[in-house]
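Novice: Let the hints inform the model, and build the full structure from the sequences given.
One-letter residues, chain by chain:
Protein chains: 2
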Amino acid sequence: MKVSAVLIFVFTSVLLLSCNDNTISSDSSISSSPKKSIQTTEYAMVIHGGAGTILRENMDKETENAYNEILTRVLVEGEQMLKNGISSEEVVVKTIMKMEDSPLFNAGKGAVFTSEETNELDASIMRGSDQQAGAVSGITTIKNPITAALAVLNKSEHVLLSGNGADKFAAENGCEVVEPSYFHTERRRNSLDRIKAKEDLGTLESSNLDYKYGTVGCVVLDKKGNIVAGTSTGGMTNKKYNRIGDSPVIGAGTYADNSTCGVSSTGHGEYFIRYAVAHDIAARMEYKGLGVTRAAKEVVMDKLVEKGGSGGVVALSKTGEIAMIFNTPGMYRGYVKPGELVVKIYED
Amino acid sequence: MKVSAVLIFVFTSVLLLSCNDNTISSDSSISSSPKKSIQTTEYAMVIHGGAGTILRENMDKETENAYNEILTRVLVEGEQMLKNGISSEEVVVKTIMKMEDSPLFNAGKGAVFTSEETNELDASIMRGSDQQAGAVSGITTIKNPITAALAVLNKSEHVLLSGNGADKFAAENGCEVVEPSYFHTERRRNSLDRIKAKEDLGTLESSNLDYKYGTVGCVVLDKKGNIVAGTSTGGMTNKKYNRIGDSPVIGAGTYADNSTCGVSSTGHGEYFIRYAVAHDIAARMEYKGLGVTRAAKEVVMDKLVEKGGSGGVVALSKTGEIAMIFNTPGMYRGYVKPGELVVKIYED
Chain W
1 MKVSAVLIFV FTSVLLLSCN DNTISSDSSI SSSPKKSIQT TEYAMVIHGG AGTILRENMD
61 KETENAYNEI LTRVLVEGEQ MLKNGISSEE VVVKTIMKME DSPLFNAGKG AVFTSEETNE
121 LDASIMRGSD QQAGAVSGIT TIKNPITAAL AVLNKSEHVL LSGNGADKFA AENGCEVVEP
181 SYFHTERRRN SLDRIKAKED LGTLESSNLD YKYGTVGCVV LDKKGNIVAG TSTGGMTNKK
241 YNRIGDSPVI GAGTYADNST CGVSSTGHGE YFIRYAVAHD IAARMEYKGL GVTRAAKEVV
301 MDKLVEKGGS GGVVALSKTG EIAMIFNTPG MYRGYVKPGE LVVKIYED
Chain H
1 MKVSAVLIFV FTSVLLLSCN DNTISSDSSI SSSPKKSIQT TEYAMVIHGG AGTILRENMD
61 KETENAYNEI LTRVLVEGEQ MLKNGISSEE VVVKTIMKME DSPLFNAGKG AVFTSEETNE
121 LDASIMRGSD QQAGAVSGIT TIKNPITAAL AVLNKSEHVL LSGNGADKFA AENGCEVVEP
181 SYFHTERRRN SLDRIKAKED LGTLESSNLD YKYGTVGCVV LDKKGNIVAG TSTGGMTNKK
241 YNRIGDSPVI GAGTYADNST CGVSSTGHGE YFIRYAVAHD IAARMEYKGL GVTRAAKEVV
301 MDKLVEKGGS GGVVALSKTG EIAMIFNTPG MYRGYVKPGE LVVKIYED
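Same order as they appear, the protein sequences are chains W and H.
1 is the number of the first residue of the first sequence in the working numbering; add one for each residue after it.
1 is the number of the first residue of the second sequence in the working numbering; add one for each residue after it.
The set of hints was computed from the structure by calculation and includes no laboratory data.
Cβ coordinates follow ideal geometry from the N, Cα and C atoms, glycine included.
It cannot be assumed that every hint is accurate.
Stated by the list, open to error - No farther apart than 27 Å at their CA atoms in a straight line, the calculated lysine-lysine pairs in the DSSO-like style are these: (1) H:Lys61 / H:Lys98; (2) W:Lys168 / H:Lys98; (3) W:Lys223 / H:Lys307; (4) W:Lys168 / W:Lys198; (5) H:Lys303 / W:Lys288.
What the hints assert, rightly or not - Using C-beta positions, here's what the derived DEER-type ranges look like: (6) H:Ser129 / W:Asp200: 43 to 51 Å; (7) W:Asp193 / H:Val76: 34 to 42 Å; (8) W:Asp193 / H:Thr63: 54 to 62 Å; (9) H:Thr63 / W:Thr40: 57 to 65 Å; (10) W:Lys223 / H:Val305: 28 to 36 Å; (11) H:Asp130 / W:Glu347: 27 to 35 Å; (12) H:Lys303 / W:Glu116: 37 to 45 Å; (13) H:Glu347 / W:Ser129: 48 to 56 Å; (14) H:Glu62 / W:Lys303: 47 to 55 Å; (15) H:Ser129 / W:Glu116: 29 to 37 Å; (16) W:Met301 / H:Thr63: 25 to 33 Å.
Said to hold, decoys possible - Some chain H residues flagged as far from chain W (calculated, every beta-carbon gap over 10 Å): (17) Ile38; (18) Gly174; (19) Leu201; (20) Glu270; (21) Asp280; (22) Leu341; (23) Glu347.
Specialist: Next up, the structure:
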């Protein structure tokens, strides 16, 4: 490990120790007059790398360090971009590209395998300033699916493209093309083999849902007050029938509106679609006057828990309030704002 | 025309003359205590066959009669089922199947053509009692896409299946399979040819969006108080890159929750996705205490008009209040409840 990484670790460890709540409120949870609230921080950025049964006792130190390192690195580099006046759109895309390139996450390189032993990738991005959005599902040949989603946002009249058409559009619009085998990793193939073996034996327990997680996401508020949210995933191990989860579904996996908040989801996607989780958080802020932490808690800790939907969200409000809410044992996550950088994995 | 159809027409004409508003309120627009509201009608059913530039002066009498006839017929038959205690789920599916089978609508037989001269069909259904949902996109070989969506709802752990996987799942689960050519109609092929010719000449005006419409939808409240909503479409003429519109997106094209309302959308799908139109109507009812008509008007006539998104929705609340709201010149639509049957095409 290089010296710089070690320094980052020391910094991170101090912050980890200093923070024992998974949410940060920089404004009140309920704002009586949301229209008047103002940006209370110069910039803010929040990320996740998936929620699930992530327990300290099951994690070896090397793996834990690797997660802490990349989460910290993308936050440090993101903060630098934001300080330099780079837009939230660019920061979200560059951050998610780095997470897609890491085999640690179920997105881009390291995505899980479908039942047919392929990788089918989904991603989406939404811009809070004009609520334009772009999304792709079932990508198989674009190295960074988030760049395909960005191309749809900026260069297509459509919002959601799928399958071969999505690959074709992205390639025509300059996204880097790779062979489908680029996404393969030994670890994820082993996961598929294990699940298929259990499926064959009839011992696959629906309560063990960890093969469904690992999505990455990022929400950024830049100096201009623009919120952008993005999400990228390989979906669910052993998925069949070209299943589409919540990640490319605007309003479920991703949502952004400068007048309320930006949200990126991770978890059991079917629940996030059925309950329009990302939009519901924004709606509770707009119509009930809630702060983003309270709104996210109502949806993730009350509604989803009641219905049986596991997972989490990261979100930030137009004022810079950050929420990292999950109803699973852990979620890879972190945020940065002036003077604060936090990276966390477990519940506490 | 048979005598029964003539009689229905007379009945319909009287109702057409007697109704000059496109919404029916059976309860107040704002209910101060929505939790206490009760079903004020034994059953209710509302349908649409697409919104767009549907003008009396451009419509020949024969075509107008054909639309009036099928809209009336599915409502009469739907009412009979509801009187007999058939569930909202079954009534929605059977009603949409009949509209899919009619070449008048852009759904099932008569779907529009993609840029590659194929037909790619989308459909979704959501059940308000448990908020389970099923959806398919890019179907090419299932005669009635709404039956594929129903199969996903009832027989899959997933919510949204796409492309060949969706066809395969539906076929394995008993949906009727047809050759892709089953969906071809001369009228829709001519539309594609006209649009491609304009595209080649550079004279395709983005303001002429009529090639985007024709979706069908149905929302039903049955005797047990269960709301179900469904939507089916062929999408947009000349669509490219396996574009997915709002129809198979839960929260955008379709939404149902027994505690608020059911919604089916039609229009420029990209806007309906970005603004999570169907969920937003339910959210305004739940969090702002609005009635379904007021909530639908805020979304379709205020928000969508401001943003430039054209189209409409049909919706009904748990009390049986019906809304048919659109910001285009016309929408094929109708509803039935005890003692009332209305079918309309133009603004009034």
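Novice: Determine for every hint whether it applies to the structure shown.
Specialist: Here is how each hint holds up against the structure:
Annotation: proposed proximity of Lys61 of chain H to Lys98 of chain H holds, straight-line Cα distance about 22 Å (limit 27 Å). The suggested pairing of Lys168 of chain W with Lys98 of chain H is violated, with an alpha-carbon distance near 35 Å, which exceeds 27 Å. Proximity of Lys223 of chain W to Lys307 of chain H is assessed by CA-CA distance (about 25 Å); at most 27 Å being required, the pair is judged to hold. Proximity of Lys168 of chain W to Lys198 of chain W is assessed by CA-CA distance (about 36 Å); at most 27 Å being required, the pair is judged violated.
For the hint pairing Lys303 of chain H with Lys288 of chain W, the CA-to-CA distance comes to about 18 Å; that is within 27 Å, so the pair holds. Taking 43 to 51 Å as the suggested C-beta distance range, the pair Ser129 of chain H and Asp200 of chain W does not conform, at roughly 35 Å. Take Asp193 of chain W and Val76 of chain H: their Cβ atoms lie about 56 Å apart, and the range 34 to 42 Å is violated. For Asp193 of chain W and Thr63 of chain H, the Cβ-Cβ distance of about 58 Å falls inside the hinted range of 54 to 62 Å, so the restraint holds.
Evaluation of the 57 to 65 Å hint for Thr63 of chain H and Thr40 of chain W yields a pass: the beta carbon distance comes to about 59 Å. Checked against the given bound of 28 to 36 Å, the beta carbons of Lys223 of chain W and Val305 of chain H, roughly 32 Å apart, stay inside it. With their beta carbons about 29 Å apart, Asp130 of chain H and Glu347 of chain W fall inside the hinted range of 27 to 35 Å. Hint check: Lys303 of chain H to Glu116 of chain W, Cβ distance near 41 Å, so the stated range 37 to 45 Å holds.
Between Glu347 of chain H and Ser129 of chain W the C-beta distance comes to about 34 Å, which lies outside the given range of 48 to 56 Å. Restraint check, Glu62 of chain H to Lys303 of chain W: a C-beta distance of roughly 51 Å satisfies the suggested window 47 to 55 Å. For the pair Ser129 of chain H and Glu116 of chain W, the supplied restraint of 29 to 37 Å holds, since their beta-carbon distance comes to about 34 Å. For the hinted restraint 25 to 33 Å between Met301 of chain W and Thr63 of chain H, the CB-CB distance of approximately 54 Å leaves it violated.
Under the 10 Å C-beta cut-off, the non-interface status given to Ile38 of chain H relative to chain W holds; the minimum distance is some 24 Å. Separation of Gly174 of chain H from chain W is adequate, the least Cβ-Cβ distance of about 15 Å exceeding the 10 Å criterion. Here Leu201 of chain H stays apart from chain W, with its beta-carbon at least about 18 Å from theirs, past the 10 Å limit. For Glu270 of chain H, the non-interface assignment is contradicted: its Cβ lies about 5 Å from the closest Cβ of chain W, within the 10 Å cut-off.
Not every beta carbon of chain W lies more than 10 Å from that of Asp280 of chain H, the smallest distance being close to 7 Å; the non-interface claim is violated. With a cut of 10 Å on Cβ distances, Leu341 of chain H stays outside the contact zone with chain W, its closest approach being about 32 Å. A cut-off of 10 Å between C-beta atoms confirms that Glu347 of chain H is not in contact with chain W; the least separation is 27 Å.
The structure is inconsistent with the numbered hints 2, 4, 6, 7, 13, 16, 20, 21, although it conforms to all the rest.
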